[in-house]
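> Okay, here's what each chain looks like letter by letter:
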Amino acid sequence: MSGTVTASRRGMRREGRTRPARHPHWTRGSWYVPWLFLGVALAVVSTFVLFPFFNTLLLSFTDATLLRGGQFVGVDNFRELWGDARFRTALLNSTLYVVCVVPVMVVLPLVLAALVAGKGRLLGFFRTSYYLPVIMSPVIVGLVWTNLLDRRGLVNSVLGWVSAVGEPVPFLTDRWLLLFSAMFVTIWMGMGYYMVIYLAALANIDPTLYDSADVDGAGTVRKFLHVTMPGVRNTMGLIGLFSSIAAFRVFGEVYVLTDGTGGTGGDNLTMTMLIQREGTGLQARTGYAGAISLVMFAIMAVLLVLQLVAQNRQRRNG
Amino acid sequence: MSRRRPRFPTGSVARYTVLVLMFVLLAGPLLWQLSLSLKGPGDDLYAQPPRLVPDDPTFGNYTGVLDRVPVLRFVMNSGLVALLVVGGNVLFATAAGFALARLRFRFRGLVTALFVAALLVPVEAVIIAQFLLVRSAGLTDSLLGVALPTFVAPLNVLLMRNAFAGIPDELEEAAVLDGAGVWQRFLRVCVPQVKGVMAVVAIFAFVGSWNDFLWPLIVLSDEQNYTLTVGLNMLKGTFYDDPRLIAAGTIVALVPIIVFFAALQRFFMRGLEQGGIKG
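Sequences listed follow chains A and B, in order. Those letters in the first sequence? Residues 268 to 585, by the numbering used here. Those letters in the second sequence? Residues 37 to 315, by the numbering used here.
Fair warning: there could be bad hints in the mix.
Listed next, with one range per pair, are the computed distances between beta-carbon atoms [as the list claims (entries may be wrong)]:
| no. | chain 1 | residue 1 | chain 2 | residue 2 | range |
| --- | --- | --- | --- | --- | --- |
| 1 | A | R489 | B | L207 | 47 to 53 Å |
| 2 | A | N579 | B | P204 | 30 to 36 Å |
| 3 | A | N471 | B | L207 | 51 to 57 Å |
| 4 | B | G145 | A | V425 | 27 to 33 Å |
| 5 | B | Q84 | A | G387 | 51 to 57 Å |
| 6 | A | L325 | B | P93 | 57 to 63 Å |
| 7 | A | N501 | B | R51 | 53 to 59 Å |
| 8 | B | D277 | A | G527 | 17 to 23 Å |
None of these hints come from the bench; they were simulated from the model. Cβ coordinates follow ideal geometry from the N, Cα and C atoms, glycine included.
Extracted from the complex, chain A is given alone in its bound form:
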């Protein structure tokens, strides 16, 4: 009992102003009560997130396969990655995804949010319908757009009908067109999500700023640039972060648009597709897949840190 008291005093000092600290009598239940509440969550998260993470670390330094435990091989996997053409392709594709998708995801949903903000049934209807694709599975969206972008699909029909193109555009077979089509699909289904986040941020802008801009004779565009954008700058940073991590992880859209092949000769593989391909199936090289996973984790961690640093600097300068 005395041990518990010391522990809670120490806790009190350490956690300073956390609320329950002022109510030591709340802890009078047995010591194990909190662990009953935590048990299942802690077990699931340790078993299925934390343990696999450490296991990935270990795996990536072995030549393990699905059927064999594998030997420690040092950094061989990483050396092999460096020379692996498919890895370079995947890294290039996922990086391009970030570079091309993120700027659109930061700006376009903000414009949309500014347009749909406000009261009224009609605006509410637009808000809801713009959000709908967000909750649709990438597989379904991928199938819908496969039909649309097919050689003989709607997009090519329309283009042919208005005589914009003589030949059907190979949206789903050309290496670069396929990548850009997939990016378009990603943006198509993700916009609404970021729009809703912006809506919450817009609601926090001081409305008198718009009134003073009116007095100064600012037009819609100037108000957007000089009041709206600065007002949501932090949210823009946050969305830049979310969307770059999401873009780097892209899987479903590209998988479905390429029939799971990753494009002709694997030219359209993304990082996640490469992990899925190397790490599953009977020929799986789990050690090698672990190394790819680790590289992917490192890149995402770097993205996170870069974004946070940039945001901090911006805040200090602003």
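Chain B: place on chain A using the hints.
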């Protein structure tokens, strides 16, 4: 929503034009898919100009898909997985969130840090190790194996923790004075205060589970166990030559999620505004 919003005094027409164009861009593909799914053998799919209204409307594509691909079975499998995931998250993330926010115990800071660390691990980085784990437990090709890794998500634990932390002390103090134990404080006092957040957790757990593709694709191998996303992915290979059947399959898969969304859209918007993050 602020009472005074950005106004566009002269640009109202331009504003609604953009909104309508955007709507066409978002709803158009779905409408075209619906039209495609209803087109019969008498329709020219590749007519120029394209025709939205079928000349020879039929439900034959729907019966065709349902006959040849066990779509309803896939729906049931997805439903079962979603039920497990929603149940697990609502019950156990809530319980854990309560302990982290309102109980005092040794290692509380450490445990909270563990959940935050787990939140930062992207699933792609651990998915192969997860697969090895599920495989050694003999759970590959089972729906339980699909549900387990997301049975309690760290994000939901932390969301619930924040929700519980926002409850004013006075409520609990009164209950303690009345002699309430931990269990009563949890069920009678605190849980009713966070029902809204629990609903948000439930909804996002459902959508996340229903739409998940990568993990079930890795775990499942027998067609009988496919979830809807993995099963739908097969449509493309099965009906390579007939976009009408693929369209019918996607519409079947879309209807439940659209109904679900329409019924609960209020919670979706609220959830995002409260800082819920897509999994």
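> State, for the Cβ atoms of R489(A) and L207(B), whether the hinted interval 47 to 53 Å holds or is violated.
For R489(A) and L207(B) the Cβ distance comes to about 49 Å; the hint holds.
> With 17 to 23 Å as the target window, see if D277(B) and G527(A) comply at their CB atoms.
18 Å, holds
> How does the Cβ-Cβ distance of N579(A) and P204(B) compare with 30 to 36 Å: does it lie in that range?
With Cβ atoms ~33 Å apart, the hint holds.
> Assuming the hint says 51 to 57 Å, is it satisfied by the Cβ distance from Q84(B) to G387(A) or not?
Since the Cβ atoms of Q84(B) and G387(A) sit about 39 Å apart, the hinted range of 51 to 57 Å is violated.
> Using the C-beta atoms of N501(A) and R51(B), is the stated range 53 to 59 Å upheld?
26 Å, violated
> Check the following: the C-beta atoms of G145(B) and V425(A) are separated by a distance inside 27 to 33 Å.
59 Å, violated
> That 57 to 63 Å hint for L325(A) and P93(B) (C-beta), does it hold up?
59 Å, holds
> Do N471(A) and L207(B) keep their Cβ atoms within the hinted range of 51 to 57 Å?
28 Å, violated
Of the numbered hints listed earlier, those contradicted by the structure are 3, 4, 5 and 7.
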